[in-house]
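**Student:** Letter by letter, the chains look like this.
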Amino acid sequence: MTVMIQVHNLVKYFGPVLAVDHISFSVQRGEVVGFLGPNGAGKTTTMRILTTFIPATSGSVRVAGFDVRTQSLEVRQHLGYLPENVPLYPEMRVDEYLRFRAILKGVERSERQKRIDYCVRRCGLEGVRRRAIGTLSRGYRQRVGLADALIHDPPILILDEPTAGLDPNQQLETLALIRELGEEHTLLLSTHILPEVEEVCRRVIIINRGRIVTDCALDDFQRESVIVVEARAPAERLEHVLRTTEGVVQVRRLSSDGAPGIAAFEVQTDDRRDLREAIGQRVYKEGWTLRRLDLKRRSLRERFAEVTAGR
Amino acid sequence: MSRTVEERTAELAPELQAAPSWTRQEVPFFARYAGLFGILALGVSLALTMANSYYEQPRFAPVRVRFIFGLGVFALLIHAFREKHLLVRRLYGGLGWALTLVGCSLTIIGQTTLWMAPAYSVENGHMWGLVFAVLVGLGCLVFGTWPLARVRTEHEDWLPSRYARALVADSAVQWAFFAGLALVVASLVVGYSVVRAYGTGVDYFAHGMLLSLVGFLACCAAARQETDPAWRDSFYYPFVPLGVVASLVSAAAGITDLLDLEEIVLPHGLVFALAGAAYLWSYCVLKGMDEDAALRIARGMVVYGLLVAGLMAVRGKLFLLLVPVAGERLAAWRTALDRYLGDYPAPHAAILGGLGLAYALIGYGLSSVSKFMALTRRELAAFFYSPIAYIVLGGLALMAWCSFFLTWLPRMLPASEFAREATAQAEPIIWNYFYNLFPVICLIGAVPMLTMRLLSEEQRTGTYEVLLTAPVGEVAVVFSKFLATWILYLLAWATWLVFPALLRYVGQEQFDYRPIVSAYLLLAVLGVHFIGMGLFFSSLTRNQIIAFLLTFGSIFFITIVSVMLWELEEQFAAQTFRLELVRTLSYISHLYEFVFGRVYFRYIVFHTTAGLFWLFLTVKVLEARKWR
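Residue numbers (the working numbering), protein chains in the order written: chain A, 1 to 311; chain B, 1 to 628.
One or more of the hints may lead you astray.
As the list claims (entries may be wrong) - Footprint (simulated), chain B over chain A, 3 or more residues, beta carbon under 8 Å: (1) 51-59; (2) 82-88; (3) 100-110.
Hints listed in this document are in silico derivations from the structure and should not be mistaken for laboratory results. None of these values were measured; they are calculated from a predicted model. No residue lacks a Cβ here, since even glycine has one placed at the ideal position from N, Cα and C.
The task is simple: from the sequences and hints, build the whole structure.
**Tutor:** Here it is, written out as structure tokens:
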């Protein structure tokens, strides 16, 4: 495993405004990382620093083993970048544009046509090759931007909100493509659309007010679970029973839906164990009637809301 | 491994069969109205011409009829470039080829007759012209039908045997071949009968070349818009034989001076060379430089251009200019060389050699794979996609016409009301042409228009970010933008050459043309200075209008200083430094000196370094985003 992106204590001030506040993370080869956060959290700023477009105030960033400050050309050679609003030259034709970008990115002449054909096919641009970019719809422009990011076959792809402003069909298409790209490239992608991340990424970094608040594998999230218990029982005794069940870490009382004599609790277990059967057995032994017993997976949405709350 | 988006989507969510997203479909209303207007204008001009022929004296001024005709052609060309409907575009492409072929056969037959008539006979000239025209027409035919043959035989590389086999075996290729043959024969018949009917008294060259130009533009329009590869290729493949023939004719005629005609280099050779360059260049651009064929053509242009330039340097003894001795020794060498090389006019050699160099540069610019040249090409193309290039080219041509009108025209037209005095021009003719307000207006107006967009637009639309996250340095970005603008600037100034040429070849006026060279030298370095300045202001703001105003204001300020030079000279008489400063800045007085043939090296150095300084600042502005 080689480290493709390494960010260490990155700080960025815009004048007096602190945009990125000492963030550190690293991305291994082949990882697909979702970079999340509310608007203005510093996602785009971080990505722009990674792509050498703007410099950091302090901290070190290495991309593909090159320092963004001193080896900026090598860094740019090794990454493909899709900026937020996909700025393109409207007067150029798709083919022309990709050819121009291929030359800029140093694709050999003998390889060029093959790469262009490959990217055009991959991004589904066959039908619009000879169209001027200015006449394309938003979805096609996004694909052209993506084809451009891919054209020199970079090991790292950095995509800033690749699905913003697309209709649901197009989002689905783009996601499918990104998921495929994740098999060959190291991918860092920022977005607001959380189900999208769950679909594509294996790891998420949530950033809020310039700081990383969560950095973990998506599987960890999903395994982290709570059990909801609702039974016709005295609340205190039920709570006691739940607390004494082996493996229970925390019990939290929920407001029951107003039915008299019903107690509801949320149970957190250690090591993400599924204790539903054990709890069911104990409740049954006490002679209470169980109204509800289910395992609730915590969604990314909840986690996101939790860690970015207070904004 | 790679599947289409549709397949992937179908897999991911079967219920959502991915419809390709809707693309904006524009109905070209304006273009269609332009086309309608064009047809009407052509009809009106035809009707007026026919009406004129009924009277002894034309009732409608022929100049006005021609103007309406030209306007109609222009409107039709707009329609050809803008039309979205496939059938109409192909129709224009076919019409373009018909016009090109008629124009070519008219030019070739007429020109050959004209050249051969003194030495042999008119009939002989007709026959030879017809033979040449048949050869060129057949070349066009073969190249035009080759794309279809290629599609039918599924062979990429060009081999005559494959073409012949496709021609024998495939009915579609046969159909295309015979339709094309009919077109070629028809255009030959038209050209031949026109030349036979009107004799050698008509200027076939001008008419034929104009027809070919319109045809060329129509073909380009059709080829650019066409989506079917075979159709598209067949619209521009025949550019190859035309371009090669035109290029070879210009140099061959110039080098051998076989026919011993003074006018063979100017204007005929010059126009042929330009036409050849235009044909080959368009072929390369339309083909795409990643194709081997286009690359070969472009490299061929480099070799051919350098060859012609070298030959002309020897033939016209231009290389003696580089020998650092003067006086009698040089004269002695010259006479010694004359014995071997024969006498050849140095200006002709200079023009042909310059054209050769231009070929080499065009070929290099097309075939170069450097990032810098790629950026320059894109930038230059972007000018022509916006109206700016046309406004500047048209504006400079208009200014040239104004200058021409006010200085020369009164005496060129003896019948006009202005011509009360002498009909001969008084020297200094070129000085009169250049040393007035119009070049100054051109500089003040054109330079800010050319430069305002360069970096402001990139910053406004955000393409700046894409550009600077590609592996290219700031220096390459800035200098490529500068170079592209400078090339367009020089191209725009080339419109000023049309009117001296008119004076020489239509007005039959002999004059000292050499000040043109020094004037253009100054204009070129002024371009470096002012474009550098404009580029700098454009890098400061994302608002094009502010960039325009800053550049405009600065050049205007320098102009004011220039105009007030004489007054300031008195005022600063004692202060040498200030006086020198004002003198150095006052580019109008430099123009005065240069157009008189006094080339001051220090002013060249000043304007060049000033321009480089602005470019350096621009690079720093781009880099400054890294300091923030």
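**Student:** Of the numbered hints stated earlier in the document, which are not met by this structure?
**Tutor:** none
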